[in-house]
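J.: So the chains spell out like this:
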Amino acid sequence: DGGITQSPKYLFRKEGQNVTLSCEQNLNHDAMYWYRQDPGQGLRLIYYSQIVNDFQKGDIAEGYSVSREKKESFPLTVTSAQKNPTAFYLCASRSPGQGEGQPQHFGDGTRLSIL
Amino acid sequence: GQQLNQSPQSMFIQEGEDVSMNCTSSSIFNTWLWYKQDPGEGPVLLIALYKAGELTSNGRLTAQFGITRKDSFLNISASIPSDVGIYFCAGPIVAGGTSYGKLTFGQGTILTVHP
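Residue numbers (the numbering used here), protein chains in the order written: chain A, 1 to 115; chain B, 1 to 115.
To be clear, the hints were calculated from the coordinates, so they are not data collected in a lab. Everything numeric in this text was worked out from a predicted model, so none of it was measured. Heads up, the beta-carbon is just placed ideally off N, CA and C, and yes, glycines get one too. Treat the hints with care, since some could be wrong.
As the list claims (entries may be wrong) - Distance windows between CB atoms, simulated:
id	chain 1	residue 1	chain 2	residue 2	range
1	A	I114	B	S82	30 to 36 Å
2	A	Q41	B	D18	24 to 30 Å
3	B	S57	A	Q56	18 to 24 Å
4	A	P39	B	L45	46 to 52 Å
5	A	L115	B	I67	49 to 55 Å
As the list claims (entries may be wrong) - Covered stretches of chain A, going by a simulated chain B footprint (3 or more residues, C-beta under 8 Å):
id	stretch
6	31-40
7	47-60
8	105-115
As the list claims (entries may be wrong) - If you only want the chain B side, here are some residues facing chain A, beta carbon under 7 Å, derived:
id	residue
9	F12
10	E41
11	G42
12	P43
13	G108
So that you can see chain A by itself, here it is in the shape it has in the complex (with noise of 0.2 Å):
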C-alpha cells in the first residue's frame, strides 16, 4: 500500500545528543514536510522540500536539520541546540503538480522525549 512511514514511533534522547527521525514515503510525492506538534497547539512548520537536493526553513527550523537526497526520504535531525525537544513530530508529503489546494498526507508520527 502506498503511504508514508515514520520511524521509530518512539524515541529517547539523553542531553547533548543528536537524533535522527525517518520519514519515507512511496506516493511519489515531490513534496515532503517535517512538523512538530506540542499538547493543546496546532502544527508548526519546521523544514520542507519541494524537490530533491532543496529545502527551506519553516516557522521553528532553529535546533533542526534536514536532508533530501532522494524523492522518497526527508531525515529530520533534531540536534543538541534544540533546547526543548520533547514533541510529537509529523512528516507529510504532497504531491504539487495537482495546484496549491491539494492536501498534505501525513505520516503516524514519531514521539521524541528527554532522557
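Given the coordinates of chain A, assemble chain B onto it according to the supplied hints.
T.: Showing chain B alone in chain A's frame:
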C-alpha cells in the same frame, strides 16, 4: 501572518448528539481542509473545500466554505464513540503568489464522546 482561530477548543458530548465547530481567519483562504487526528497517530484528511459557499459531505460529516472566504464550518451528525479525536482546520499559506504547499493549522478542537 495568516492565522486560523478554531473553536471550540474542546467539546464533551453524548453519543448521538450533533457537533459543530468552526474556523476563522482575518485573511482570505482559497482552500479549506479539515483533518482528524486519532490519539498517537497522524492527521487524516476528512474534507477539502475549494470554492466559496461550497458545502461538502463525507458520510456523517459536512463542511462548508464560508461566503466571505474567511471562515469554514464542520458538522458531525449523530456522533459515535469513534468520532473521538482532535479536529483541525487548515489552509494554504500564500506569499508572493504561491504557497509552496505550506499549510497553516488551527489549534484543534478536542472531541470527547460519552457512550
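J.: A separate judgement is required for each hint: does it hold in the structure or not?
T.: Hints versus structure:
no.	hint	verdict
1	A:I114 <-> B:S82: 30 to 36 Å	holds, 33 Å
2	A:Q41 <-> B:D18: 24 to 30 Å	holds, 27 Å
3	B:S57 <-> A:Q56: 18 to 24 Å	violated, 36 Å
4	A:P39 <-> B:L45: 46 to 52 Å	violated, 22 Å
5	A:L115 <-> B:I67: 49 to 55 Å	holds, 52 Å
6	31-40	holds (count 3)
7	47-60	holds (count 4)
8	105-115	holds (count 6)
9	F12	violated, 16 Å
10	E41	holds, 5 Å
11	G42	holds, 3 Å
12	P43	holds, 5 Å
13	G108	holds, 6 Å
Of the numbered hints stated above, those contradicted by the structure are hints 3, 4 and 9, listed in ascending order.
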